[in-house]
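So the protein sequences, as listed, match chains G and P.
Here our numbering is used: position 67 in the first sequence is 951, and no number is missing along the way.
Here our numbering is used: position 27 in the second sequence is 71, and no number is missing along the way.
Rather than coming from a laboratory, the hints here were simulated on the basis of the structure.
Don't be surprised by glycine CBs; every beta carbon is placed ideally from N, CA and C.
A portion of the hints provided could be inaccurate.
Unchecked claim - Now the stretches of chain P that chain G is said to cover, found in silico as 3 or more residues with beta-carbon under 8 angstroms:
#	stretch
1	89-98
2	108-116
3	119-132
Said to hold, decoys possible - Straight-line Cα separation of at most 20 angstroms, EDC-like style, residue types lysine to aspartate or glutamate; simulated pairs:
#	chain 1	residue 1	chain 2	residue 2
4	G	892	P	151
5	P	105	P	90
6	G	952	G	925
7	P	110	G	903
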Amino acid sequence: MDLAAQLKLQAWLDGELPEAEARAVADWVAREPEASALAEELRQTRRALAGFEADLRLPESREFFWSKIEREIARRAAPAPASAPRGAAILAGLRRFLIPATAAALLVLAGAVLIRPGGAPTRGGGAEVEMALADAGAFTYCDYSAGTTLVWFSYPADN
Amino acid sequence: MIVAPWVWVSLALALLASAGFGAPPADMKLQAYLLWGTNDRNPPADRNYQPVNPDIRQKLKSLPLKWAHWYEVKRVDFQVAPGASREVTLSDKCQVKLRQLASAEVEVLLIGQGKEVMKRRQALPKGDLLVLGGNSPNATAWLVVLKRNE
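Working from the sequences, and respecting the hints, build out all of it.
Structure representation (structure tokens):
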């Protein structure tokens, strides 16, 4: 039995395989004595280890954990913003126009935000992605750039 | 050039109107989806599940979910008036109750098997999704997706 087959067998025992693959592996284990023996050994190992495992849990799932790392890598790998243009003289010339225009835009923006009943829906923190524990069995993942909020329940669904 | 005072007053009123001053809050139009996720290429043969909308699928891709294929089990279009609430049944055991709050937020209550599973308040701007989900048997997943259209 090669390493790939052994890993697939382990994934089957951990309940990580899709239904079709899980059925195929179950048939294979039923047919092959070598696979059956390995499966039994892994089950015994898991039972033996279960009593010695410390009751430690990450406050987030594997997917959330790796997503954080992936996003941080992508953020660091992003190219640095271009340096300021050399035409400082041009910018200085525009400053006479930009300052009053910026002031007017800020006034309009403040009016739009402060006067609207209930205010615009705000997104706190300014971070692009935010995660929080909603309760002991669920956590929340907010991707503001995509406009998506995910609440993931770690306990099994009954629907 | 001298501008008459009434012109300035009109401009100020137009600015206030454009900022939404006095505009009554409108009904929210939403869609609720019950989705089923799997890594199998095909849905179960005995179920008439349809692949999820491309726009929903694209948004789900931005989430850290390990399932590649999402199927629509049920979809309900509904709307909620300001201050009112509306309960939507997505399956025999799953309902969602949504209330539009005065602060442009929504309060969402997820009900499973007649029991309150989760209650959450948040802003839900147009086009945004609120996704509730969890694991299902056989390495699959379920999602309840709320999308605000207007």
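Evaluated hints:
{"no.": "1", "hint": "89-98", "in the structure": "violated (count 0)"}
{"no.": "2", "hint": "108-116", "in the structure": "holds (count 3)"}
{"no.": "3", "hint": "119-132", "in the structure": "violated (count 0)"}
{"no.": "4", "hint": "G:892 with P:151", "in the structure": "violated, 43 angstroms"}
{"no.": "5", "hint": "P:105 with P:90", "in the structure": "violated, 27 angstroms"}
{"no.": "6", "hint": "G:952 with G:925", "in the structure": "violated, 35 angstroms"}
{"no.": "7", "hint": "P:110 with G:903", "in the structure": "holds, 15 angstroms"}
Hints 1, 3, 4, 5 and 6 from the list above are not met by this structure, while the remaining hints are.
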